[in-house]
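Chemist: Using the sequences and the accompanying hints, generate a full structural model.
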Amino acid sequence: MFYRESGDFKTNYADDQQSFPIKLDRYAVWVLLAFAFFVVPFFINDYWEKSVLVPFLVWSMAALGLNILTGYCGQVSLGTGGFMAVGAYSCYKLMIAFPGLNIFFVVILAGIITAIVGIAFGLPSLRIKGFYLAVATLASQFFLIWMFNKIPWFYNYSSSGMITAPERTMFGIAISGPSAPSWATYLFCLTLVTIFAFIARNLTRGRIGRAWKSIHDMDIAAEIIGIPPLQAKLSAFAVSSFYIGMSGAMLFGVYLGSAEPGEAFGIDKSFLVLFMVIIGGLGSILGSFLGAAFLILVPVLMKNIMVGAFGWPADLAAHLELLFIGALIMFFLVVEPHGLAQLWRMTKEKLRLWPFPH
Amino acid sequence: MSTENNILSIKNIEVIYDHVILVLKGVSLDVPKGGIVALLGANGAGKTTTIKSISNILKTERGEVTKGSITFEGEQIQDLSPTELVKKGVVQVMEGRHCFEHLTVEENLLTGAYIRKDGRKAIAEDLEKVYTYFPRLKERRKSQAGYTSGGEQQMVAVGRALMAKPKLILLDEPSMGLAPQLVEEIFEIVKSLNEKEGVTFLLAEQNVSVALRYATYGYILENGRVVMDGEAKALSENEDVKEFYLGLSDGDKKSFRDVKHYRRRKRWLA
Amino acid sequence: MDQDNRIGDTLLEVKNISLSFGGVKALTDISFDIKEGEIRAIIGPNGAGKSSMLNVINGFYHPQEGEVWFRGKKRESMKPYQVARQGVARTFQNIALFKGMSTLDNLMTGCITHMKTNIFLQAIWKGPAEREELEFRERVEHIIDFLGIQAIRKTPVGRLPYGMQKRVELGRALAAQPKLLLLDEPMAGMNLEEKEDMSRFILDVNDEFGTTITLIEHDIGVVMDLSDRIVVLDYGCKLADGTPDVVRNDQAVIDAYLGVSHDD
Amino acid sequence: ADLTFPMLSYRTGPYGPNGAEFADGYADYFTLLNERDGGIGGAKILTPECETAYNTAKGVECYESTKEGALIYQPLSTGITYQLIPKVTADDIPMHTMGYGRTSAANGKVFSHVFNYPANYWDGASVIIKHISDEEKGDLKGKKISLVYHNSAYGKEPIRTLEELAKKHGYKLTLIPVDHPGQEQKSQWLQLRRDRPDYIIMYGWGVMNQVAIKEATNIRFDMSKFIGIWWSGSENDVLPAGDKANGYKAVTFHGVGDDYPIFEELKKYVKDTGKAAGDGSNLGTALYNRGMYAAMLAAEAAANAQKIHNTKDLTGAQMRDGMESLKIDQDRMKALGLEGFGPEISVTCANHGGPGLGAIQQWDAKAKKWSLITDFVESDRSVIDPLIAEDSAAYAKENSMKERDCK
Amino acid sequence: MSPLFLNALEVILNGLMAGIMYSLVALGFVLIFKASGIFNYAQGVMALFAALTLVGFQTGQVPFAHLINAMFGTEIHHWGSGMNTFLAIILTMIVMIIFAWLLEKIVLKHMVNQAPIILFMTTIGLAYFMEGFGDLMWGADIKTMDVGLPSGGSLWLEDFTKGWAAEGTEYYGMYIDVLDVWAAGIAILLVIALTLFSQYTKTGRALRAVADDHQAALTVGISLRTIWIIVWSLAGFVALVAGIMWGSKSGVQFSLSLIALKALPVLILGGFTSIPGAIIGGLIIGVGEKLFEFSIGGMIGGATENWFAYVLALAFLMFRPQGLFGEKIIERV
Ligand SMILES: Nc1ncnc2c1ncn2[C@@H]1O[C@H](COP(=O)(O)OP(=O)(O)OP(=O)(O)O)[C@@H](O)[C@H]1O
Ligand SMILES: Nc1ncnc2c1ncn2[C@@H]1O[C@H](COP(=O)(O)OP(=O)(O)OP(=O)(O)O)[C@@H](O)[C@H]1O
Ligand SMILES: [Mg+2]
Ligand SMILES: [Mg+2]
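Heads up: the protein sequence lines correspond to chains B, U, F, S and P, in order.
Letter by letter, the first sequence follows residues 1 to 358 in this note's numbering.
Letter by letter, the second sequence follows residues 1001 to 1270 in this note's numbering.
Letter by letter, the third sequence follows residues 2001 to 2264 in this note's numbering.
Letter by letter, the fourth sequence follows residues 3001 to 3407 in this note's numbering.
Letter by letter, the fifth sequence follows residues 4001 to 4333 in this note's numbering.
Accuracy of the hints is not assured; some may be wrong.
[Said to hold, decoys possible] Per the computed footprint, the stretches of chain F lying under chain B, defined by three or more beta-carbons under 8 Å from a beta-carbon of chain B, are:
(1) 2069-2081
(2) 2095-2104
(3) 2124-2135
(4) 2219-2231
[Stated by the list, open to error] A short list of chain B residues far from chain F (calculated; beta carbon distances all over 10 Å):
(5) Phe43
(6) Tyr47
(7) Trp48
(8) Leu109
(9) Leu123
(10) Phe143
(11) Pro152
(12) Gly311
(13) Pro313
Just so you know, the hints here were simulated from the structure itself, not pulled from any lab data.
Heads up, the beta-carbon is just placed ideally off N, CA and C, and yes, glycines get one too.
Modeler: The following block contains the structure:
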């Protein structure tokens, strides 16, 4: 009995409703956060920043956003790349237009702009459902990318159409631009992601979260018990786009530093985020992180092992990597269709019973 | 009961869902060839689970039989696929209707005959037979099953099973959602198939009075264990059964208005 | 029982409702009323149009002809959620719970029409959102106690046995504190003991909260015992309407539905 | 210690087939140096490879994971180049974007660590126009020229230049974008068929090239009037169209075929010893040659750096100095076994773009061979230099930089 | 007739042809969706894989040559000679069937009764896997597909239509690619055959039953295993046809798998469950996007086809949420 909740009684409803009802979980989360905030920044280097931690955080943010829409509200969207582009371009235009603006607000504003765009593109969801909606959201993906590619205003009339993030600061420390220190970009992303993970948790456990989940499980029944579907779906689109917009802004501003719409925010990114959400676990905050970790870190790890440790030719390794990732995805789904988060829950449940089965 | 006679016999099975939820805790039961056996019990007792473990569709719900054995006609069947079972003559009517929504009523019935090889004509005849059992279905034969009423769907589910011409039919709550007339009718069908064509039935049923009227033998499940079994007659005479399943206390039926707020609940397992 | 005290004015009235789907006439020219505080049953053979009638009442089906009057006002064409906000709640024949959610969450969702805090307060959680949540949690816990489903509070409802799901569904409808509660075969798939429990709940709801109840049920015993008045439908037409005693002895009803007279 | 030349290659994804050939050439040349000469100036060469799949994020990851001791980067994608420009500058490692990347990086005063000699996209466009002008005996007035381009940062690069040149020469330019991946180009080619342009210029990549060339043959466009940039001029692009692709042209900044002495050496030391990066069958293809050429330029720069700093071991900064004073004349090319393979090159502090020369190659479908049909000619500096100055100034301003002094 | 009108006509004609090419890919999607409710993301990769395999057989490539060479230091690439096209097609088909069989055995078997989105995700895993596998098996270089189909503009049509334009205007005759005409013919044959199969056979009915309810299908004795092997093999066959057509057009390489993206709008427009819908959807999308690009695209900068196809499909969906011919989405309580 490694893992126990006995002795952990709740005496009121407030306790019963907290985010991590089990003490051990609660401590684990605090320790992890403390580690991430107070230890990692001292040891981080460029490689860890640019290849591992910041991408992980940025994509976690996107996965959180899509999980709200797809995992909680059940609306499968393949427009994530397009919405990230909206976030990125808003971020760029804001950076250029208000050079003095604290980058934190730039990112938040980019999120808000994306949320507005998200609502507009969410409108068809009232009538179109399931995979029909999923495919239909590709319209926004392709249209948005086309638009950012075509209209020079968005990329400030630069000759190639690339956008490059200028240096912007927070508390006088550069967060974007070439001279931003690793620890600063990392902490910036970590703070944002932490705050918004908690907000996501709050939203999904309360009234709105239940409205979303009920739409997901059975939209007609939800409507009949008094949930206006349009409002529920559009709020999910808005919140989700807000997160995705922020992640797009972070991707462009903090992580990559420059972007071109078709490449950085192409359709494959939409799929990537959807994979994260499904592999991690639909309707699970933890799952968003696990999924992002899986799809961002495992390839890096695999590459390091195959090319770095075994010295295999890079192309063979690349092909094998695809093959393994594919096989792993299928394997996990066979083992636990509800994603890594569920796998984790089941493991806990087993540990709770261990060593006495049933 | 002697074992040779048993078309189906279950020995001490244990069923676990999701690797952790233990639901059946050693259920044993025998279904004699040509018998009608009723499986009774409260909600969540494990009736559906028992039936699903026979027809082997537990796996699709992440459940598995971890102990015990199930034999059909003397052969172990736990490892057979559901299809092979149907071919051997075991057909299940699932609880909660489960029609093919997008197929028409008639197509639904015809898929019931999917494994049959005895020609179109025989199938067409049986289709007619089902229609005579359920005239309502004939009226609605061209509508998509998803748009028929709850009771109609139930008829489709039962009719579909009949189309397979099985030896053993597992009926999970056949009377659910049917009008009283039809309930009697369904059981009449059961009886006539049983008598005329020798089909064996295992039925999970909440309508205990009707079930015991038609069944030959009965089992009562409670919390994943068999707590009582016996000839149907004997069961319906049993005082506890009378009180708690038939609602006859001292031989009288009481009004639903008069049930007390806090009642003594009978549980065989303390 | 003091019938007269309990039962008040007409709460809802349907007038000349006709509804058809393509060629299928589900309802033809149906009119009846439901009085405040009464238990009104709708019975009839399979496919008679009972569930369709409930769907009309809660705005899910829009009849081709006819009117629905609610609380003395003619109801314009409405979305189901608007009807729900007026205080109509229901359960479904084919259970329509939110399968991925726990029992508790399902019931809390039932309260949703009464919850008010906006999305920003929700995001912050501490403060109004949490207070509201706890307030309704308490209300829901009452229902949980009332229905005796404490043990499955945190279980995802998809895993519950059929009968339990029916009970949770009733709980979800109750959580909305409806004026009018529509129950579609609440006792299907229950054994006697459970039916008794369910009857108890229905009567208690009716008694304690004064909720008007409309109920579809095939168990004639239950219907006869519980209801104040009964509408009988057959092939979309109204066959009879009246007190249990009247209906029980109506020959047309016996022929079309009951089979044998059920006055045992 | 060893000299590290990290390879950011891409052998998978939509552009993998092209990336593989380049990477093979790049790796094989260094292998040759190792095998034949024992490296550069006695120091062994390492070429750690990292797969980018033409993806910017992976490119950044590759950069970060290989930058320890790296001497030079060839990111092989415009997207990755843009990412890396500020980073290499900060990390003091030079980057060579040969025939791609940010064109205005030719201005060494602004882009201290980025080099794009010997020619860039704008040079390419200008050389193509020059060739067309030669074909038309110097008169382009009223001619119709269409640009079919990959609808991305890369494809859009030549537009400004071509527009400027149109003003100067009086031809009429039509722009025809093709979206990634470019499998379906019916509309574009129907339009071209209706417009009947006198010439078509293509800035394409990947499957877009193959489809375009095939569609051009389908509408029976005169292939000798269809001219691609160097990234639209590999065997991969013309082979699927078969015989009909005969006569297709592309601009290039290096030689074609395997008719140079160096290939004997490559066969002897690399291919026949089984040390080739690929299966050894692609020696002499356009992209292989480009990879090899890039490696040669890097090696020469490294040798130059060793000379300047008088050391065997190099740092990125020293390598950069080597590149900034790189001079390769024809004698040197001959010594390398590459006589006539490319123009003479000289790089200075202010000019990181090199001579900007290009030649036209033409496809012979019978022989399945490219051949050079012109000499290396200069691009129109009077048009391009101002453009470079303007764009780099904009970059400097955006990033609040000052031009450095080039004595 | 004015050249403008003739040009529009030509655009429409070519749109129809392009649309049919999309339909070829969409068909594979429809088959699998119809038979199991699985949205098969891997359809494009399957087409690529089939095409790679076909070319591999044709040219006598040694499978996994690169891997073997890397592991054992050998130098193998090709068998002595390639094989006849017909034989290669048959062998490829056998490979696709084996693949379907393995897929069922290893993966799908465990996915019975799962939510559609999970099944969808599984096929994404499959897509990754097949892409890596295909590259590993046959190499990632660009290959030329030649199964003897003619291609190029039709001279006959050009001559035939040359005189249609009004006197004194410049007109070059109408253009159509012969390969497209072939594709259209083959696609129509396929659609007829598949429609007959799914509508009028017992297996066809079983397919639809499986898509509705896996469990219930099991209880009536439909073997999901058999059904899935059949449909995935059929989808493999359709993928092969699509692979041949698109491969002949644009070479065989990774990008071939991206044609799936062109098939998706076709799919939703026609309806996920309708085989004829795939063709009609293709025609509408093909004509729509080409006409839009022809008439308006030029004014707003071009390259509109990608998004316009989706917007067009979206517009149709607003009126018919299940696509033009899809089965009505049953919404009842
Ligand atoms: N898929 C599942 N996952 C986990 N637990 C399950 C699952 N299905 C059933 N159970 C549990 O198994 C127990 C028995 O359920 P079962 O459905 O067999 O009962 P039942 O006797 O058929 O009840 P009812 O009369 O209500 O149909 C219940 O406690 C239920 O919670
Ligand atoms: N949305 C619909 N589309 C088509 N037909 C429908 C629809 N809804 C109901 N029907 C038909 O209308 C008739 C009445 O259906 P309804 O569900 O109201 O019956 P019911 O009285 O509830 O029967 P049961 O007791 O079997 O539940 C049935 O024949 C049914 O098939
Ligand atoms: Mg049951
Ligand atoms: Mg009903």
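Chemist: Now look at each hint and say whether the structure bears it out.
Modeler: Okay, the hints, checked on the actual structure:
1. Residues of the stretch 2069-2081 of chain F lying with their CB closer than 8 Å to a CB of chain B number 3, which satisfies the three-residue condition for coverage.
2. With a threshold of 8 Å between beta carbons, the proposed coverage of the stretch 2095-2104 of chain F by chain B holds, since 6 of its residues qualify and at least three are required.
3. Interface restraint, the stretch 2124-2135 of chain F with chain B: holds (7 residues with C-beta to C-beta distance below 8 Å; minimum three).
4. Note: the stretch 2219-2231 of chain F has 0 residues with beta-carbon separation from chain B under 8 Å; the three-residue rule is not met and the coverage is violated.
5. The claim that Phe43(B) lies off the interface holds: its Cβ sits roughly 33 Å from the closest Cβ of chain F, which is beyond the 10 Å cut-off.
6. With a least beta-carbon separation of about 35 Å from chain F, Tyr47(B) lies farther than 10 Å from that chain, consistent with its non-interface assignment.
7. Non-interface call for Trp48(B) relative to chain F: holds, since the shortest CB-CB distance, roughly 31 Å, exceeds 10 Å.
8. With a minimum CB-CB distance of about 16 Å to chain F, Leu109(B) clears the 10 Å threshold, and the non-interface call stands.
9. Every beta carbon of chain F lies more than 10 Å from that of Leu123(B), the smallest distance being close to 17 Å; the non-interface claim holds.
10. Residue placement check: Phe143(B) keeps its beta carbon more than 10 Å from all beta carbons of chain F (closest about 27 Å).
11. Its beta-carbon lying about 36 Å from the closest one in chain F, Pro152(B) satisfies the requirement of being farther than 10 Å from that chain.
12. In this structure Gly311(B) is separated from chain F by more than 10 Å, as the shortest Cβ-Cβ distance comes to about 47 Å.
13. Taking the minimum C-beta to C-beta distance to chain F, about 46 Å, the non-interface status of Pro313(B) holds against the 10 Å cut.
Violated hint: 4 only; the structure is consistent with all others.
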